[in-house]
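There are 2 protein chains.
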Amino acid sequence: MENISLHESVRIEEAYARIGNEVKKTPLLTSSTIDKLTNTRIFFKCENFQKAGAFKYRGATNAILKLDKTDSVRGVCTHSSGNHAQALALAAQNHNIDAYIVMPENAPLVKINAVKEYGGKITFCKPTLEAREKTLFHIQKETGATFIHPYNNIDVIEGQATCFYETLIQLEDKPDIVVCPVGGGGLLSGTILAAKQYSSPTRVIAAEPLMANDAWQSLRVQQLVPSIDPQTIADGLKTSLGSLTWPIIQENVFTILTASEDSIIRAMFLVWERMKIVIEPSAAVPLAVILEHPQVFSKKSVVVIFSGGNVDLKNLPW
Amino acid sequence: MENISLHESVRIEEAYARIGNEVKKTPLLTSSTIDKLTNTRIFFKCENFQKAGAFKYRGATNAILKLDKTDSVRGVCTHSSGNHAQALALAAQNHNIDAYIVMPENAPLVKINAVKEYGGKITFCKPTLEAREKTLFHIQKETGATFIHPYNNIDVIEGQATCFYETLIQLEDKPDIVVCPVGGGGLLSGTILAAKQYSSPTRVIAAEPLMANDAWQSLRVQQLVPSIDPQTIADGLKTSLGSLTWPIIQENVFTILTASEDSIIRAMFLVWERMKIVIEPSAAVPLAVILEHPQVFSKKSVVVIFSGGNVDLKNLPW
Chain L
7 MENISLHESV RIEEAYARIG NEVKKTPLLT SSTIDKLTNT RIFFKCENFQ
57 KAGAFKYRGA TNAILKLDKT DSVRGVCTHS SGNHAQALAL AAQNHNIDAY
107 IVMPENAPLV KINAVKEYGG KITFCKPTLE AREKTLFHIQ KETGATFIHP
157 YNNIDVIEGQ ATCFYETLIQ LEDKPDIVVC PVGGGGLLSG TILAAKQYSS
207 PTRVIAAEPL MANDAWQSLR VQQLVPSIDP QTIADGLKTS LGSLTWPIIQ
257 ENVFTILTAS EDSIIRAMFL VWERMKIVIE PSAAVPLAVI LEHPQVFSKK
307 SVVVIFSGGN VDLKNLPW
Chain A
7 MENISLHESV RIEEAYARIG NEVKKTPLLT SSTIDKLTNT RIFFKCENFQ
57 KAGAFKYRGA TNAILKLDKT DSVRGVCTHS SGNHAQALAL AAQNHNIDAY
107 IVMPENAPLV KINAVKEYGG KITFCKPTLE AREKTLFHIQ KETGATFIHP
157 YNNIDVIEGQ ATCFYETLIQ LEDKPDIVVC PVGGGGLLSG TILAAKQYSS
207 PTRVIAAEPL MANDAWQSLR VQQLVPSIDP QTIADGLKTS LGSLTWPIIQ
257 ENVFTILTAS EDSIIRAMFL VWERMKIVIE PSAAVPLAVI LEHPQVFSKK
307 SVVVIFSGGN VDLKNLPW
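Listed in order, the protein sequences are those of chains L and A. Going by the numbering used here, the final residue of the first sequence carries number 324, and the count climbs one at a time with no gaps. Going by the numbering used here, the final residue of the second sequence carries number 324, and the count climbs one at a time with no gaps.
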């Protein structure tokens with residue numbers, strides 16, 4: 007029952023009307039080389055070109071625009087060392103709202119600098135989940151800021167859903183398959199809801215690193231298996247699913263396929279070399295999955311979501 | 007007098023109608039970060055997304071489509087270790103025409119492989135201009151193939167002119183300035199002819215590496231100064247101007263500005279990091295020039311031609 011009400015409360019068209027002028031309408035690119043190699047027709051949705059470099063800007067913007075006046079004055083907060091932190095900081099800055107970001111003290115300098123550049127007020131903590139949550143709790147108490155969870159938040163999911171919704175507007179025909187990376191499940195559950203509502207023939211396939219296959223495990227045992235300290239180059243996909251995202255995924259995802267670290271690096275290199283665009287390792291996982299499981303995708307029309315392009319250019323995996 | 011007849015024989019609209027379905031209509035991208043940094047409004051013409059990874063595909067395709075039947079059967083040939091070789095090989099392959107490519111035996115393996123992949127028939131020679139020309143002469147004698155010079159060829163110049171012509175179609179307003187890298191001058195003279203004919207208010211500024219500033223020197227002394235073994239990271243811009251390109255440039259270019267190696271690398275990094283796209287060092291020279299000479303561009307609308315994206319990803323300059 008919870009699920010049904012959740013589905014109903016996600017209004018994708020309204021969200022797109024709300025954030026449409028604030029987010030970039032990112033292009034769909036194609037590559038004849040990759041099509042030949044995979045025997046498919048792939049449309050790459052380039053959220054690496056999105057503001058703050060990732061799809062996360064959609065959810066963050068939607069959450070910020072749904073704050074009421076009182077909450078806006080108090081600001082927003084989150085804990086993240088990744089793309090959500092940057093996205094929330096920038097979306098907040100663009101509306102003159104304070105953004106308090108809790109980051110682990112060992113976060114990479116490039117990420118710290120990006121959050122600073124977007125005006126985020128950073129509080130460092132020890133690199134444990136407990137320290138993060140405790141620090142965030144104190145900030146919330148002090149400031150009254152609204153916690154915007156990176157993915158387990160209905161407004162965030164609704165914002166992420168606009169990514170595939172926009173893709174469907176850009177395409178002439180409904181695709182056979184959409185492949186979406188899965189970490190916490192915000193983009194995936196948003197994509198599922200968009201497909202259900204606007205493209206029912208499309209199968210939603212999740213792509214996950216083999217080395218962080220908690221969603222795959224969860225689906226297999228039919229209950230949420232948390233992700234415990236996984237080691238993968240796809241650093242955006244290390245998180246566990248959430249109580250809001252998991253039921254949507256469990257009920258609707260067509261399947262979850264995994265890719266090895268080698269495949270992820272190969273896919274990332276292929277995109278840089280042939281498509282001349284910069285994607286981060288997490289964004290390469292869907293193509294890596296297609297390369298590893300070609301029979302699933304052969305002769306199909308496929309949307310691949312390039313989730314982001316934030317990568318340390320001075321530390322590449324090849 | 008030669009010049010006037012040359013101008014008249016370049017028919018850009020006809021060339022665009024001829025090659026329009028074969029070349030990619032490459033996007034114009036913008037970056038609010040770079041606009042803020044430079045106090046300009048820049049439209050980046052992304053020929054790094056062009057087939058074979060560079061604008062060269064336009065000129066090569068135009069030259070191939072203008073061959074008569076007899077010449078088509080005999081094939082085409084050129085000497086180049088760079089983007090022209092790849093472009094000519096691919097354009098020829100797409101029309102079932104043989105392409106004989108003379109490459110120096112020390113050419114990078116990635117470039118040799120790219121030409122091979124596009125079906126080019128490679129003959130290696132010693133890495134001197136004399137050896138190149140001699141080898142090419144023998145191939146021409148044996149095969150009867152038509153020599154397509156990388157830039158000193160009227161059909162090639164006409165093809166390159168479609169790049170800025172297409173940009174003008176994509177833009178709502180005529181830009182104040184177009185900045186174009188200069189090596190042999192094929193793209194620059196094509197851009198000049200397109201601007202003269204379709205956007206007379208636009209100033210054409212050439213961008214050249216300080217370490218390979220033969221065009222700058224030529225303009226200063228008003229005669230063609232050859233380029234002698236220059237050392238620059240912008241390997242596409244090492245060549246001398248040609249007898250066809252130099253007069254067009256001499257007569258019409260607004261100015262030639264140079265950029266240091268450091269600026270070129272900085273500009274390239276900025277584009278990769280902020281725009282999430284892969285450009286080669288030669289393509290970064292126009293932005294490097296804008297960073298070094300901000301007063302020339304301040305408050306102007308500027309087109310920057312990203313000439314190509316062929317770079318060895320395993321050997322980056324940072």
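Check each hint, because a few of them may be wrong.
Note: identical chains are not told apart, hence a pair may lie in one copy or across any two.
[To be verified] Result set (PhoX-like, lysine-lysine): computed pairs, CA atoms no more than 25 Å apart in a straight line:
# : residue 1 : residue 2
1 : K320      : K180
2 : K202      : K122
3 : K306      : K30
4 : K132      : K180
5 : K30       : K305
6 : K42       : K30
7 : K147      : K31
8 : K42       : K202
Don't read these hints as lab results, they were simulated from the structure.
Hints, verified against the model:
When the C-alpha separation of K320 and K180 is checked against a cutoff of 25 Å, the pair qualifies neither within a copy, at 39 Å, nor between copies, at 38 Å. When the C-alpha separation of K202 and K122 is checked against a cutoff of 25 Å, the pair qualifies neither within a copy, at 38 Å, nor between copies, at 46 Å. For the identical chains of this complex, K306 and K30 are inter-copy neighbours only, at 24 Å across copies versus 28 Å inside a copy, given an alpha-carbon limit of 25 Å. In this assembly of identical chains, the alpha carbons of K132 and K180 never lie at most 25 Å apart, being 46 Å within a copy and 54 Å across copies at closest.
Taking the shortest alpha-carbon separations for K30 and K305, only the inter-copy value of 24 Å comes in at or below 25 Å, while the best intra-copy value is 30 Å. For a Cα distance limit of 25 Å, the shortest separation of K42 from K30 across copies, 17 Å, qualifies, whereas the shortest one inside one copy, 29 Å, does not. In the homo-oligomer, the alpha carbons of K147 and K31 never lie at most 25 Å apart, since the shortest distance is 37 Å inside one protomer and 54 Å across protomers. When the C-alpha separation of K42 and K202 is checked against a cutoff of 25 Å, the pair qualifies neither within a copy, at 30 Å, nor between copies, at 41 Å.
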